[in-house]
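A.B. asks: Residue strings, one per chain:
There are 2 protein chains.
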Amino acid sequence: MATNVSPLAVKLPALPALSGVRMAAAEAGIRYKGRTDVVMMEVPSGSTVAGVFTSNKCPGAPVDWCRASVAGGKARMVIVNAGNANVFTGRAGREACAATAAAAGKLAGCPAKQVFVASTGVIGEVLPHEKLVAILPKLQKNLSEDGWEAAARGIMTTDTFPKASTRTAKIGESEVRISGIAKGSGMIAPDMATMLCFIFTDAKIPADALQAMLKKGCDASFNCTTVDSDTSTSDTVLLIATGQAKHSRIPAAADTATRNRMLADFARALNEVLLDLALQVIRDGEGAQKLVKIDVTGAVNARSAKRIAMTVANSPLVKTAIAGEDANWGRIVMAVGKAGEPADRDKLSIGVGGVWMAKDGGVIPGYDEAPVVEHMKGQEVEIAIDLGLGRGKATVWTCDLTHGYIDINGSYRS
Amino acid sequence: MATNVSPLAVKLPALPALSGVRMAAAEAGIRYKGRTDVVMMEVPSGSTVAGVFTSNKCPGAPVDWCRASVAGGKARMVIVNAGNANVFTGRAGREACAATAAAAGKLAGCPAKQVFVASTGVIGEVLPHEKLVAILPKLQKNLSEDGWEAAARGIMTTDTFPKASTRTAKIGESEVRISGIAKGSGMIAPDMATMLCFIFTDAKIPADALQAMLKKGCDASFNCTTVDSDTSTSDTVLLIATGQAKHSRIPAAADTATRNRMLADFARALNEVLLDLALQVIRDGEGAQKLVKIDVTGAVNARSAKRIAMTVANSPLVKTAIAGEDANWGRIVMAVGKAGEPADRDKLSIGVGGVWMAKDGGVIPGYDEAPVVEHMKGQEVEIAIDLGLGRGKATVWTCDLTHGYIDINGSYRS
Numbered sequence: 060m061a062t063n064v065s066p067l068a069v070k071l072p073a074l075p076a077l078s079g080v081r082m083a084a085a086e087a088g089i090r091y092k093g094r095t096d097v098v099m100m101e102v103p104s105g106s107t108v109a110g111v112f113t114s115n116k117c118p119g120a121p122v123d124w125c126r127a128s129v130a131g132g133k134a135r136m137v138i139v140n141a142g143n144a145n146v147f148t149g150r151a152g153r154e155a156c157a158a159t160a161a162a163a164g165k166l167a168g169c170p171a172k173q174v175f176v177a178s179t180g181v182i183g184e185v186l187p188h189e190k191l192v193a194i195l196p197k198l199q200k201n202l203s204e205d206g207w208e209a210a211a212r213g214i215m216t217t218d219t220f221p222k223a224s225t226r227t228a229k230i231g232e233s234e235v236r237i238s239g240i241a242k243g244s245g246m247i248a249p250d251m252a253t254m255l256c257f258i259f260t261d262a263k264i265p266a267d268a269l270q271a272m273l274k275k276g277c278d279a280s281f282n283c284t285t286v287d288s289d290t291s292t293s294d295t296v297l298l299i300a301t302g303q304a305k306h307s308r309i310p311a312a313a314d315t316a317t318r319n320r321m322l323a324d325f326a327r328a329l330n331e332v333l334l335d336l337a338l339q340v341i342r343d344g345e346g347a348q349k350l351v352k353i354d355v356t357g358a359v360n361a362r363s364a365k366r367i368a369m370t371v372a373n374s375p376l377v378k379t380a381i382a383g384e385d386a387n388w389g390r391i392v393m394a395v396g397k398a399g400e401p402a403d404r405d406k407l408s409i410g411v412g413g414v415w416m417a418k419d420g421g422v423i424p425g426y427d428e429a430p431v432v433e434h435m436k437g438q439e440v441e442i443a444i445d446l447g448l449g450r451g452k453a454t455v456w457t458c459d460l461t462h463g464y465i466d467i468n469g470s471y472r473s
Numbered sequence: 060m061a062t063n064v065s066p067l068a069v070k071l072p073a074l075p076a077l078s079g080v081r082m083a084a085a086e087a088g089i090r091y092k093g094r095t096d097v098v099m100m101e102v103p104s105g106s107t108v109a110g111v112f113t114s115n116k117c118p119g120a121p122v123d124w125c126r127a128s129v130a131g132g133k134a135r136m137v138i139v140n141a142g143n144a145n146v147f148t149g150r151a152g153r154e155a156c157a158a159t160a161a162a163a164g165k166l167a168g169c170p171a172k173q174v175f176v177a178s179t180g181v182i183g184e185v186l187p188h189e190k191l192v193a194i195l196p197k198l199q200k201n202l203s204e205d206g207w208e209a210a211a212r213g214i215m216t217t218d219t220f221p222k223a224s225t226r227t228a229k230i231g232e233s234e235v236r237i238s239g240i241a242k243g244s245g246m247i248a249p250d251m252a253t254m255l256c257f258i259f260t261d262a263k264i265p266a267d268a269l270q271a272m273l274k275k276g277c278d279a280s281f282n283c284t285t286v287d288s289d290t291s292t293s294d295t296v297l298l299i300a301t302g303q304a305k306h307s308r309i310p311a312a313a314d315t316a317t318r319n320r321m322l323a324d325f326a327r328a329l330n331e332v333l334l335d336l337a338l339q340v341i342r343d344g345e346g347a348q349k350l351v352k353i354d355v356t357g358a359v360n361a362r363s364a365k366r367i368a369m370t371v372a373n374s375p376l377v378k379t380a381i382a383g384e385d386a387n388w389g390r391i392v393m394a395v396g397k398a399g400e401p402a403d404r405d406k407l408s409i410g411v412g413g414v415w416m417a418k419d420g421g422v423i424p425g426y427d428e429a430p431v432v433e434h435m436k437g438q439e440v441e442i443a444i445d446l447g448l449g450r451g452k453a454t455v456w457t458c459d460l461t462h463g464y465i466d467i468n469g470s471y472r473s
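Residue numbers (the working numbering), protein chains in the order written: chain A, 60 to 473; chain B, 60 to 473.
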């Protein structure tokens with residue numbers, strides 16, 4: 060298990076209280092010893108909710124539970140545990156979700172379906188939910204508007220630092236806040252990146268509007284990141300709006316134009332929070348020493364650009380070259396070519412750190428290697444790929460592939 | 060660069076002379092020092108040829124050259140160099156192929172298009188083909204029917220052992236021989252696995268029949284293997300028939316039934332040679348400590364089964380678990396689910412080393428862990444996945460992901 064903090068870690072931002080949102084963490088001893096591993100997050104009655112979940116065809120029981128519950132559009136509580144993912148646990152897994160939600164709902168005074176559950180950790184071991192249920196009253200007693208950091212720490216698994224982000228946005232003349240926490244480090248690949256993320260706002264926004272903004276925001280953030288191409292069975296992003304802030308009323312879905320105009324700044328801030336958290340997950344990628352940004356331009360369309368960018372981002376040979384601080388553009392050419400998308404070797408250009416190294420099917424004679432070498436030594440590496448075919452573009456983020464990844468994952472269960 | 064021989068290495072088989080086939084290796088100093096790096100392989104006038112090449116959209120100049128030449132169906136010579144792949148080298152790359160083929164053709168007394176060229180090594184550096192051309196006369200002088208081992212060694216890059224395979228087959232009452240050599244270790248993924256492979260037979264077989272058999276054989280061997288999911292720009296498999304053996308005449312394509320019946324045993328032996336060489340490449344996978352066989356059954360069809368098997372084979376989390384000798388079937392569930400193919404979590408079964416560990420969406424209570432633990436410690440690991448949906452099945456091979464892979468690829472160019 061990793062014990063050193065990622066060299067790419069960022070400091071936890073100050074998280075002001077968000078009206079109506081209270082959190083607490085506790086030790087239930089589900090897997091880890093000597094650390095918190097269960098988190099309760101409570102919001103007021105009437106809060107709306109949206110969710111985006113893993114595309115993995117073998118999702119965990121908590122994902123099934125949340126998918127069904129999010130259809131109701133209302134949330135009162137979120138219960139998260141770390142150390143056991145409650146995935147591939149059959150009937151026992153479903154019962155664990157139902158029992159936890161029922162017990163939490165009883166405490167909160169709400170139907171079980173307004174309780175959202177999420178689990179992260181080892182797959183295939185039955186979740187001892189009685190430990191979870193037993194600690195719920197203590198968690199409820201400790202709920203606090205200052206519980207954000209405790210919650211961010213309580214949901215970590217192989218993460219080496221807690222992750223949070225906060226922004227403000229204007230709705231009409233009023234200011235609202237959006238704050239979120241996330242966890243994730245390995246088993247990170249698009250749709251969704253393997254992680255849990257819980258975002259709250261004091262704005263009052265209908266569930267369908269939240270859902271549309273969350274989906275769009277995730278596509279431009281978490282779904283543009285990859286650590287290891289492995290898509291988790293547990294990925295969950297929830298966005299909950301408490302409606303405690305005073306602002307002009309968001310109209311019903313029928314008046315889409317007004318709604319979109321009123322929520323434009325909110326969507327901007329939400330996207331910033333999502334991207335900030337997504338990049339923090341990549342910065343904590345298992346074994347990561349470098350954050351890598353891949354810009355693809357000139358593809359036949361945006362979808363093709365994203366596929367090519369993701370193929371480069373997931374190439375073990377590109378990732379190990381970056382770990383070795385080698386601007387090996389030949390491997391980038393290989394990865395572009397293997398994506399299966401339209402590409403013409405003789406129109407392809409590759410750049411690193413702002414310097415074009417290869418163009419029109421060959422190396423650029425006498426390009427200045429010094430700034431490239433310097434750039435590769437840094438913690439943030441930028442790769443530019445121009446296909447020279449059309450106007451499709453995409454940006455994705457990944458990290459390098461190092462001995463640390465093997466260390467962490469070659470002995471995870473032992 | 061790796062210096063230790065793979066623990067999974069197999070001994071080079073004895074390779075009897077194959078009538079009409081002569082080989083030689085020499086030091087041209089293209090990249091490596093103190094070892095052979097150029098190989099010449101000569102066959103008699105009238106030899107027929109088939110080829111299968113990389114699906115990478117950015118192929119090397121030698122692949123373009125061979126694709127064009129194989130259309131002619133005739134071969135006299137193959138020239139291979141190691142250390143420089145002649146990929147993404149623009150006009151200089153095309154000129155290198157043409158100049159090498161022209162010079163070799165002049166020596167052999169054949170058109171340049173009957174000379175096949177292949178290159179493997181670093182991408183993006185101009186191939187100093189004048190060194191190649193300069194050494195051709197010496198290579199020709201040293202051609203020998205005993206040159207197989209020298210050739211197998213001369214085409215190696217990060218390979219830790221030379222790879223060859225030989226079988227006999229019956230055509231009518233006559234015995235013919237099929238022998239081949241291959242190289243490959245990293246940048247290995249299907250269509251084609253990243254490698255070069257040259258197979259010869261003394262049988263007399265029309266080029267179109269060779270091509271059909273080679274395509275089918277590669278689909279069931281090289282295209283079912285992966286080291287790192289990275290598809291090379293240089294993958295090339297050539298099959299050359301010298302026609303020196305005496306056997307009943309293979310009829311023209313029109314009489315497909317007779318032709319297929321006469322060549323059935325040849326195809327069987329060819330498939331064995333191809334699979335033997337493909338598995339040797341996986342056994343020499345960069346950093347490999349274990350050879351992994353993945354059997355998928357019960358998929359909706361064969362294509363779906365192969366995609367699922369390949370997704371499991373390419374999952375970094377599955378591969379690192381195997382390196383850690385951890386029968387982590389939870390990660391296998393994850394990889395099955397991320398393949399995007401039809402899968403039902405609650406019908407899925409996972410087994411390792413002949414023991415079913417998980418079934419119908421959950422772990423099998425009280426399954427015998429001892430033989431699984433023992434199996435994981437061995438050099439050959441077998442994973443069984445049953446989808447429980449249909450009759451589609453596939454088998455693929457890979458290796459584990461270890462520190463050795465990072466060592467080799469984090470500093471390849473330095």
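Fair warning: there could be bad hints in the mix.
Treat identical chains as interchangeable: a pair holds within one or across any two.
Mimicking DSS-like on lysine-lysine, the simulated pairs with C-alpha atoms at most 30 angstroms apart in a straight line are [said to hold, decoys possible]:
#1 352 to 116
#2 116 to 70
#3 275 to 418
#4 418 to 116
#5 116 to 452
#6 452 to 165
#7 70 to 352
#8 406 to 172
#9 418 to 190
The set of hints was computed from the structure by calculation and includes no laboratory data.
A.B. asks: Hint numbers the structure violates, sorted upward?
C.D. replies: 2, 3 and 6
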